[in-house]
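Residue numbers (the numbering used here), protein chains in the order written: chain H, 1 to 111; chain E, 112 to 221.
These are computed hints drawn from the structure, not numbers from a lab.
Each hint should be verified, as a subset may be incorrect.
Stated by the list, open to error - Listed below are the simulated DSS-like cross-link pairs for lysine-lysine, each with C-alpha atoms no more than 25 Å apart in a straight line:
#, chain 1, residue 1, chain 2, residue 2
1, H, K98, H, K71
2, E, K189, H, K98
3, H, K98, E, K182
4, E, K194, E, K122
5, H, K5, E, K126
6, H, K54, H, K71
7, E, K182, H, K103
8, E, K126, E, K155
9, H, K56, E, K122
10, H, K98, E, K173
11, H, K98, E, K126
12, H, K5, H, K103
13, H, K71, E, K173
14, H, K103, H, K56
15, E, K126, E, K194
16, H, K98, E, K155
17, E, K182, E, K194
18, E, K173, E, K122
19, H, K68, E, K155
20, E, K182, E, K126
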Amino acid sequence: DQQVKQNSPSLSVQEGRISILNCDYTNSMFDYFLWYKKYPAEGPTFLISISSIKDKNEDGRFTVFLNKSAKHLSLHIVPSQPGDSAVYFCAATGSNYKLTFGKGTLLTVNP
Amino acid sequence: EAGVAQSPRYKIIEKRQSVAFWCNPISGHATLYWYQQILGQGPKLLIQFQNNGVVDDSQLPKDRFSAERLKGVDSTLKIQPAKLEDSAVYLCAIGGNEQFFGPGTRLTVL
Chain H
1 DQQVKQNSPS
11 LSVQEGRISI
21 LNCDYTNSMF
31 DYFLWYKKYP
41 AEGPTFLISI
51 SSIKDKNEDG
61 RFTVFLNKSA
71 KHLSLHIVPS
81 QPGDSAVYFC
91 AATGSNYKLT
101 FGKGTLLTVN
111 P
Chain E
112 EAGVAQSPRY
122 KIIEKRQSVA
132 FWCNPISGHA
142 TLYWYQQILG
152 QGPKLLIQFQ
162 NNGVVDDSQL
172 PKDRFSAERL
182 KGVDSTLKIQ
192 PAKLEDSAVY
202 LCAIGGNEQF
212 FGPGTRLTVL
């Protein structure tokens, strides 16, 4: 049973345009959500997070939106840059700090 | 940002052999985690430590996997004996809600 789902295995966008990565979850006990970026041969790097008491969190070019009623979150990258090309993982946790990850979305930003 | 060192970075073994991985948090943190990432999947939690004690090992295949955390700092994860399906990247992380990962150890079991 996949509690965190990233339904798009890959996404390709042009440099300068917006990248939107989506994530759905099923467990109502999740109250903290994170996005990680992963380059080949490296560990996941923390990107941005959002608490369930918020619906939006912004950090530079990265914005995460949370829709609790729909159990859906998304990561917006504006403008996208070639260096953003990586696998992006959505993760969720509750009070026990156990992270549950999605399968990831491979983002390719074309120059 | 916290730093986590892991060694070795790569390991190739035959099935039924034993293998050990090390995790050395550069900056201390009470909570340490081991994750297994199989190709094409997201990381899956194997075990969670709080200081020296195990908080959660419900996903750890205890018939072959073992882990310990020494003095609440460094940690080792061992597989004995290894199976083909253990081929994966083993990631160590520290932190709370926001966890910081090491580079991982890529294990190939032939």
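Right, here's what the structure says about each hint:
no., hint, result
1, K98(H) x K71(H), "18 Å, holds"
2, K189(E) x K98(H), "21 Å, holds"
3, K98(H) x K182(E), "22 Å, holds"
4, K194(E) x K122(E), "14 Å, holds"
5, K5(H) x K126(E), "32 Å, violated"
6, K54(H) x K71(H), "13 Å, holds"
7, K182(E) x K103(H), "34 Å, violated"
8, K126(E) x K155(E), "22 Å, holds"
9, K56(H) x K122(E), "42 Å, violated"
10, K98(H) x K173(E), "19 Å, holds"
11, K98(H) x K126(E), "30 Å, violated"
12, K5(H) x K103(H), "7 Å, holds"
13, K71(H) x K173(E), "34 Å, violated"
14, K103(H) x K56(H), "23 Å, holds"
15, K126(E) x K194(E), "5 Å, holds"
16, K98(H) x K155(E), "10 Å, holds"
17, K182(E) x K194(E), "30 Å, violated"
18, K173(E) x K122(E), "21 Å, holds"
19, K68(H) x K155(E), "24 Å, holds"
20, K182(E) x K126(E), "32 Å, violated"
Violation of the numbered hints given earlier is confined to hints 5, 7, 9, 11, 13, 17, 20; the remaining hints are satisfied by the structure.
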